[in-house]
Amino acid sequence: MIRGRVIGEVWATRKAPGLTGRRMLLVGVDGQDRAMVAIDTLDAREGEAVMVSVGSGARNVLAPGPDNRALLCDAAISLIVDGEG
Amino acid sequence: MFLAKVIGSVWSSVKWPELGGMKLLLVRPYSLADLAGDAGDAPAAPTHDGVVCADVLGAGVGEDVVIAYGHAARVAVSELLPDGAKPSIPIDAAVVAIVDRWAVNRQ
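If you're matching them up, the sequences are chains A and Y in order.
In terms of my numbering, the first sequence has 71 at position 71, counting the first letter as 1, and numbering is strictly consecutive.
The number in my numbering is simply the position in the second sequence, starting from 1, with 1000 added.
In case anyone wonders, no lab produced these hints; they're calculated from the structure.
Keep in mind that a hint or two might mislead.
Which bits of chain A does chain Y cover? Going by a derived footprint, with three or more residues having C-beta under 8 Å, they are [stated by the list, open to error]:
| id | segment |
| --- | --- |
| 1 | 8-22 |
| 2 | 29-38 |
| 3 | 47-56 |
| 4 | 68-76 |
All values reported here derive from a predicted model rather than from experimental measurement.
A virtual CB, placed ideally from N, CA and C, is assigned to each residue, including glycine.
Given only the sequences and the hints, what does the whole structure look like? Please build it.
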């Protein structure tokens, strides 16, 4: 998983059918000059620290199980960080 | 996935047969500094190295797009291809959305 912070949002009308209804957030990756677009199902807000799952782990965020290979998702917010010690 | 700007296209006559007719675009990813930097009101032009990706949505030069990597890229392409043209194609990046608008809170 990748640690980052929600910095914004992306809107698109013309998109692959598999992205219909998905909310896409811009996440700045901690410690790197890199921003990623992640699908959000947790209603994360701007400025919140989050963890982003990538690859098949990201599909499991949207629909757990072995039959989710048809899902279009390579990055999804899997948790919102409350705190760390 | 990542946000990028289309900066050109790539064409080739010698290629894997499954790639026949597939449009290939050259895109440049936005870095965190490009998006959230303090370069005034307008976002900076992206500066990262380019990425070549497949496009079945019809994106044009100058448009902002969302690119997916890996299996998600093949899913996106096969969704829009005729039945039977399943994702056996050798691509690992594809345009999955043409961006209308994006917003970043600059703090």
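Evaluated hints:
1. 8-22: holds (count 12)
2. 29-38: holds (count 8)
3. 47-56: holds (count 3)
4. 68-76: holds (count 7)
Consistency with the previously given hints is maintained throughout, with no hint failing.
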